[in-house]
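Engineer: Chain residues, written in single-letter form:
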Amino acid sequence: MTEPTATTSTGSPAGLGFRKARDRVVEAFLLMAALVAVFTTIAIVIVLVAESLPFFKVVPLKDFLTDTMWIPLFAEPRYGVLPLVAGTLVTTLVALAVAIPAGTIIAIYLSEFAPFKLRETIKPALELLGAVPTVVYGYFALMIVTPLLQKIIPGLPGFNMLSAGLVIGIMIIPYVASVSEDAMRSVPNYMREGSYAMGATRFQTATRVVVPGALSGIAAAYILGISRAVGETMVVAIAAGLQPNLTWDPTEPAATITAFIVQVSLGDLPHDSIGYQSIFAVGLVLMLMTLVFNIAGFSLTRKFRETY
Amino acid sequence: MHAATADAALQQIRADVNRRKIFDKIFVMVGLLIMFSALLVLVVLFIDLVQEGAPRLNWDFLTSFPSRKAERAGILSAWVGTSLIMLTTAAVSMPVGVAAAIYLEEYAPKNWVTAIIEINVTNLAGVPSIIYGLLALGLFVYQFNLGQSIAAAGLTLSLLILPIVIVATREALRAVPRAIREAAYALGATRWEVTAHHVLPYSTGGILTGMIIGLSRAIGETAPLITIGALSFIAFLPESPFKGEFPFFSFAWLREAFTAMPIQMFNWVSRPDPAFQVNAAAAGAILLGMTLLMNGVAIYVRYRFRKRINW
Numbered sequence: 001m002t003e004p005t006a007t008t009s010t011g012s013p014a015g016l017g018f019r020k021a022r023d024r025v026v027e028a029f030l031l032m033a034a035l036v037a038v039f040t041t042i043a044i045v046i047v048l049v050a051e052s053l054p055f056f057k058v059v060p061l062k063d064f065l066t067d068t069m070w071i072p073l074f075a076e077p078r079y080g081v082l083p084l085v086a087g088t089l090v091t092t093l094v095a096l097a098v099a100i101p102a103g104t105i106i107a108i109y110l111s112e113f114a115p116f117k118l119r120e121t122i123k124p125a126l127e128l129l130g131a132v133p134t135v136v137y138g139y140f141a142l143m144i145v146t147p148l149l150q151k152i153i154p155g156l157p158g159f160n161m162l163s164a165g166l167v168i169g170i171m172i173i174p175y176v177a178s179v180s181e182d183a184m185r186s187v188p189n190y191m192r193e194g195s196y197a198m199g200a201t202r203f204q205t206a207t208r209v210v211v212p213g214a215l216s217g218i219a220a221a222y223i224l225g226i227s228r229a230v231g232e233t234m235v236v237a238i239a240a241g242l243q244p245n246l247t248w249d250p251t252e253p254a255a256t257i258t259a260f261i262v263q264v265s266l267g268d269l270p271h272d273s274i275g276y277q278s279i280f281a282v283g284l285v286l287m288l289m290t291l292v293f294n295i296a297g298f299s300l301t302r303k304f305r306e307t308y
Numbered sequence: 309m310h311a312a313t314a315d316a317a318l319q320q321i322r323a324d325v326n327r328r329k330i331f332d333k334i335f336v337m338v339g340l341l342i343m344f345s346a347l348l349v350l351v352v353l354f355i356d357l358v359q360e361g362a363p364r365l366n367w368d369f370l371t372s373f374p375s376r377k378a379e380r381a382g383i384l385s386a387w388v389g390t391s392l393i394m395l396t397t398a399a400v401s402m403p404v405g406v407a408a409a410i411y412l413e414e415y416a417p418k419n420w421v422t423a424i425i426e427i428n429v430t431n432l433a434g435v436p437s438i439i440y441g442l443l444a445l446g447l448f449v450y451q452f453n454l455g456q457s458i459a460a461a462g463l464t465l466s467l468l469i470l471p472i473v474i475v476a477t478r479e480a481l482r483a484v485p486r487a488i489r490e491a492a493y494a495l496g497a498t499r500w501e502v503t504a505h506h507v508l509p510y511s512t513g514g515i516l517t518g519m520i521i522g523l524s525r526a527i528g529e530t531a532p533l534i535t536i537g538a539l540s541f542i543a544f545l546p547e548s549p550f551k552g553e554f555p556f557f558s559f560a561w562l563r564e565a566f567t568a569m570p571i572q573m574f575n576w577v578s579r580p581d582p583a584f585q586v587n588a589a590a591a592g593a594i595l596l597g598m599t600l601l602m603n604g605v606a607i608y609v610r611y612r613f614r615k616r617i618n619w
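Protein chains in written order, with this note's numbering: chain E, 1 to 308; chain X, 309 to 619.
A hint or two may mislead.
Keeping only pairs whose Cα atoms sit at most 20 Å apart, straight-line, the calculated DMTMM-like set for lysine to aspartate or glutamate is [as the list claims (entries may be wrong)]:
(1) E:LYS151 - X:ASP356
(2) X:LYS418 - E:GLU27
(3) E:LYS123 - E:ASP182
(4) E:LYS20 - X:GLU501
(5) E:LYS57 - E:GLU76
Honestly, the hints are just simulated from the structure, not real lab data. All values reported here derive from a predicted model rather than from experimental measurement.
The following block holds chain E by itself, in its conformation from the complex (with noise of 0.2 Å):
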């Protein structure tokens, strides 16, 4: 600490205009490490749209976006990314039907029944089921859910979308759950009592008062649920095999955006050819789909905000 000095008006080292100078010196510094923040939005849009720029001058956008092959490595290569997309759609169809029912009964549990104590011991622990490396989950994938799987659909191939889909939907779990059971607890205990005033049960009152109270907080774990299916690589890369495939069927194997990119980039394609720069150009496609869904996801919370 600072020794107290009588002498400030003199100007010594300690004095208040060194002090005050020094503040604002500390806080250029400051204010230069968080706009680290804006300058990587800036970066991650500028990356993306110069690097696919090469990749649109010579496919025109209307192939890539009404193709249905994607087969960008061959001797005649195509560049439709719809079966990109589709793999990428089916997976996080897959990963939600597992994650929003799960996620919103266990956020219900701790938020309207558990006792505290379990609550504050099963939290910490769930939120363990989303710090797994992604790559550990490819392993569950691959060799513990398929094999699985296979025993109740026989003919089930070894790679496919379902067993991938299934895994991230475990994966995502504690995001949906947290998020939602941080909406759910900041209803106010009043609109609770009001609710077992009129005689309604914990089950009446967590439906029918809580969710629709908490329903913008609840949208949005969703949303966040949704993003991180959709960005998933290494479980998809892993167990869902890497050959594009417009299919919806989620017992067939097939690529993801994130899958392709983890391919190309595994193999040692020069830095301006077009399968290489291509990779960008669906990275675009990525980022905008999270973007989509993000400000999907921030009308909805904004339509069903409920204020106290």
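Assemble chain X onto chain E, guided by the hints.
Structural biologist: This is chain X only, laid out in the frame that chain E set:
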């Protein structure tokens, strides 16, 4: 109203409430079932990895380089690479993240610049990790000419965990009561003195927790490292950061090619030969064990600091 009919009505209400309360019980059972099945997944996964990888979980595995022969391959270059990448990531993301959080929490005026920074931090948390890989490929590898090096990997993962560090630090700073700040201001401290001498010491626990959680996220990240071109077959170690003679340390390792634990595991898991799956399981057990350990330490640190401070 007759007493008898009132009594009957009460009976009816009780029966009605009891009937509806059955749903409470069913829901509690369903909720517990789903929650414990989710946790069971984690337990089963860890046990399976340890069991499958057991034949390779020994000292040789830690001290051998990767090899074409599964039973002779090890993770020496992978864990050394991961350690050096984590060192770089911590060295970059800690000062930048904490400084950004201090600015947003203690300094930022309410204006459009602050609003833009806040929106960006929130959005970056939702950007898929592979996009950070593409950013790093375009920016660090080619523009800054860092190549496929430990420095490029460390910077990439720093950007990736920056939102986590910022959000956790802000929460820790916000938990310090206003009264502490006002008391310091009243004694004539400047804003930076208030922050550095009073607010930061009280929030160390929260900041450390956030940093550990961020690093535990970074340690398992695979996709961005693959994108910037991590190799999976590295049979040498980067130059040691410690030197026998003056100045006793060196940064030459920053420019060297690398592999990392998750990359090594991915390489083994994508091989058709089942012998390599044993290696993948062993590497996975170590990786998962490290992640769980880091999260456990984070929870413990948070608990200890929360207990020690009584406002």
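Engineer: Next step is simple, just say for each hint if it's right about the structure.
Structural biologist: Against the structure, the hints come out as follows:
1. E:LYS151 - X:ASP356: 19 Å, holds
2. X:LYS418 - E:GLU27: 15 Å, holds
3. E:LYS123 - E:ASP182: Since the Cα atoms of E:LYS123 and E:ASP182 sit roughly 11 Å apart, the hinted pair holds (cutoff 20 Å).
4. E:LYS20 - X:GLU501: 10 Å, holds
5. E:LYS57 - E:GLU76: Satisfied, since the Cα-Cα distance of roughly 17 Å is no more than 20 Å.
Hint compliance for this structure: no hint is broken.
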